[in-house]
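**Q** Next come the chains, spelled out residue by residue.
Number of protein chains: 2
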Amino acid sequence: MNNRITELFNIKYPIVQAGMIWCSGWRLASAASNNGILGLIGAGSMYPDVLREHIQKTKAATENPFGVNVPLLYPEINKIIDIIIEEGVKIVFTSAGNPSTWTSTLKAAGITVVHVIANEKFALKAADSGVDAIVAEGFEAGGHNGKEETTTMVLIPGIVDKVSIPVIAAGGIANGRSMAAAMALGADGVQIGSRFALSRESSAHEHFKDAIISAREGSTKLMMKDIVPVRLLENPFANRMIEMETACASKDERKEFLGRARAKKGMFEGDLENGELEIGQVSGYMNEVLPVSEIVSQIREEYNLTIQKLSKQSI
Amino acid sequence: MNNRITELFNIKYPIVQAGMIWCSGWRLASAASNNGILGLIGAGSMYPDVLREHIQKTKAATENPFGVNVPLLYPEINKIIDIIIEEGVKIVFTSAGNPSTWTSTLKAAGITVVHVIANEKFALKAADSGVDAIVAEGFEAGGHNGKEETTTMVLIPGIVDKVSIPVIAAGGIANGRSMAAAMALGADGVQIGSRFALSRESSAHEHFKDAIISAREGSTKLMMKDIVPVRLLENPFANRMIEMETACASKDERKEFLGRARAKKGMFEGDLENGELEIGQVSGYMNEVLPVSEIVSQIREEYNLTIQKLSKQSI
Numbered sequence: 281m282n283n284r285i286t287e288l289f290n291i292k293y294p295i296v297q298a299g300m301i302w303c304s305g306w307r308l309a310s311a312a313s314n315n316g317i318l319g320l321i322g323a324g325s326m327y328p329d330v331l332r333e334h335i336q337k338t339k340a341a342t343e344n345p346f347g348v349n350v351p352l353l354y355p356e357i358n359k360i361i362d363i364i365i366e367e368g369v370k371i372v373f374t375s376a377g378n379p380s381t382w383t384s385t386l387k388a389a390g391i392t393v394v395h396v397i398a399n400e401k402f403a404l405k406a407a408d409s410g411v412d413a414i415v416a417e418g419f420e421a422g423g424h425n426g427k428e429e430t431t432t433m434v435l436i437p438g439i440v441d442k443v444s445i446p447v448i449a450a451g452g453i454a455n456g457r458s459m460a461a462a463m464a465l466g467a468d469g470v471q472i473g474s475r476f477a478l479s480r481e482s483s484a485h486e487h488f489k490d491a492i493i494s495a496r497e498g499s500t501k502l503m504m505k506d507i508v509p510v511r512l513l514e515n516p517f518a519n520r521m522i523e524m525e526t527a528c529a530s531k532d533e534r535k536e537f538l539g540r541a542r543a544k545k546g547m548f549e550g551d552l553e554n555g556e557l558e559i560g561q562v563s564g565y566m567n568e569v570l571p572v573s574e575i576v577s578q579i580r581e582e583y584n585l586t587i588q589k590l591s592k593q594s595i
Numbered sequence: 281m282n283n284r285i286t287e288l289f290n291i292k293y294p295i296v297q298a299g300m301i302w303c304s305g306w307r308l309a310s311a312a313s314n315n316g317i318l319g320l321i322g323a324g325s326m327y328p329d330v331l332r333e334h335i336q337k338t339k340a341a342t343e344n345p346f347g348v349n350v351p352l353l354y355p356e357i358n359k360i361i362d363i364i365i366e367e368g369v370k371i372v373f374t375s376a377g378n379p380s381t382w383t384s385t386l387k388a389a390g391i392t393v394v395h396v397i398a399n400e401k402f403a404l405k406a407a408d409s410g411v412d413a414i415v416a417e418g419f420e421a422g423g424h425n426g427k428e429e430t431t432t433m434v435l436i437p438g439i440v441d442k443v444s445i446p447v448i449a450a451g452g453i454a455n456g457r458s459m460a461a462a463m464a465l466g467a468d469g470v471q472i473g474s475r476f477a478l479s480r481e482s483s484a485h486e487h488f489k490d491a492i493i494s495a496r497e498g499s500t501k502l503m504m505k506d507i508v509p510v511r512l513l514e515n516p517f518a519n520r521m522i523e524m525e526t527a528c529a530s531k532d533e534r535k536e537f538l539g540r541a542r543a544k545k546g547m548f549e550g551d552l553e554n555g556e557l558e559i560g561q562v563s564g565y566m567n568e569v570l571p572v573s574e575i576v577s578q579i580r581e582e583y584n585l586t587i588q589k590l591s592k593q594s595i
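One line per chain: the protein sequences are A and B, in this order.
So the first sequence is numbered by my numbering: it starts at 281 and just counts up by one.
So the second sequence is numbered by my numbering: it starts at 281 and just counts up by one.
For the record, the hints were derived by calculation from the structure and aren't laboratory data.
Hints should not be assumed to be uniformly reliable.
Where chains are identical, the list cannot tell them apart; a pair therefore holds if satisfied intra-copy or between any two copies.
Unchecked claim - Subject to a maximum C-alpha distance of 35 Å in a straight line, what follows is the list of computed DSBU-like cross-link-like pairs (lysine-lysine):
#, residue 1, residue 2
1, Lys-544, Lys-505
2, Lys-589, Lys-544
3, Lys-401, Lys-442
4, Lys-405, Lys-589
5, Lys-292, Lys-531
6, Lys-501, Lys-405
7, Lys-387, Lys-427
8, Lys-589, Lys-292
9, Lys-535, Lys-589
10, Lys-505, Lys-405
Here chain A stands alone, though its shape is the one from the complex (with noise of 0.2 Å):
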């Protein structure tokens, strides 16, 4: 099957690994795009010569097409643009800022741009930034996320009515019922983080993916809603900071209690205890470490059996 998707990146398969913080480095992107869909670098939490070490390790390890997600409220953004630039990347998933601010350096460089929203509005003020398409988040989505609360449900057949750009759903899409499920509402790809978040190739720390496979439903929240919101597991910080917003601490308050770095002392460093582990609501069912080729094949298997038999439930 080819359709916008496939052929804006020129992969296989309209999937898209997410760039995810401290799981997303040179081993998780070049499996990805090794097994025939788009892997993206998450540059949001290397520093720039971390980065081009990955981007050049990507390159080496993988002929296929691959991006750089970068977070535009990154401190040292005009670096990370540079490196993207002169190490030749040819795909920017761009989130967390204004689009308009960096679309047209990118496509000026020949860069396919796409960016990352959660709500209508920054959906139409992508599509007038020129991106060639964008990534529509929902609610359940793991990490950083909008304010609205919207749903994948709703989400995508929403923004899908309202740009011509293709949309990449993203939210909540694990398996091949739930890639079905988002090309039935009408997106062209979708963008899967949690379930990669926990592959062999993910560099997350082992701790980490432990707590991911013991995840039950309702085991995460988007909680930090005034500071910045953000879906995480619950552990001892998450049930503390959720204890300080109900008490109603103040801002100032709970974001000396957050502090700094506290990603990376979860995610990478393993500590259960004090670090933030960003994950989506999808943790609740996924209950094994996989590598990268057999979660791109159990997805597609799914999703064609699933697509079969709705063709026969027509009504």
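Fit chain B to the supplied structure of chain A, relying on the hints for placement.
**A** Chain B in isolation, oriented as in the chain A frame:
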């Protein structure tokens, strides 16, 4: 197409019109049943005698199967159950309460029983209590909801893997694309609320219908999580309640402000300032009042087109 849901209820299409308070009277329920789906009377907003009248009028208006939705926390629940049995109602959807309390009584009277849940724990409890099917309702649904905030996209695959009885998906479903998505996730049928709240046959006040038409993406919010979680449309009442929540007003203070009969005031009497307006996230893209016949045929048409299109997208 016949499946476990069309067979369980003896209906043509695996679609249930939700038994919503202040919207789902005999006009809506009989119109739904006359159009090949399951119509439900919403007992939650009816005095016992009013419910009896609506059951009798529905029986007079359709020869097709219909049912009654009963919130189990209803104060005069004994009277309601007696009336349902006396009037020979064949299908009951129970919600907001413990399914084990009434299921055996209803089953002994030959009634098909369905219980509404919003998380896995209660799905398993409902199955254990002997119900014939469950409605699994995601975070995006209007009105009363669960505390886990699990969305339809995530909830349905998790639940269909854990229970053997049929699962009806609810929350975020308002058109043929979202119906196809729900079926792809593994549901045996769908329950649709908000779209029918905006039908010609809905008993919602015209002002409330106008407010639904004006709603945009992000206009609803799940609030009052520590009193009774409910998704409401933004209006002066809801905004004031959110302000009180943000300012950490005490539960007693917020309960006093909430008072009683806010839903009747808003949804039935059309007081858009002071009333509670229960509606789902899909209100963001519902733009006209339509007769039930037209809603059902639009959903069917789009659903059939969607599954046909999807069947050509194997990967």
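**Q** Each hint: holds or not?
**A** Hint check:
no.	hint	result
1	Lys-544 / Lys-505	both (20 Å within a copy, 31 Å between copies)
2	Lys-589 / Lys-544	neither (43 Å within a copy, 43 Å between copies)
3	Lys-401 / Lys-442	within (10 Å within a copy, 38 Å between copies)
4	Lys-405 / Lys-589	between (38 Å within a copy, 29 Å between copies)
5	Lys-292 / Lys-531	neither (46 Å within a copy, 54 Å between copies)
6	Lys-501 / Lys-405	both (28 Å within a copy, 23 Å between copies)
7	Lys-387 / Lys-427	within (29 Å within a copy, 44 Å between copies)
8	Lys-589 / Lys-292	both (23 Å within a copy, 19 Å between copies)
9	Lys-535 / Lys-589	neither (49 Å within a copy, 48 Å between copies)
10	Lys-505 / Lys-405	both (22 Å within a copy, 33 Å between copies)
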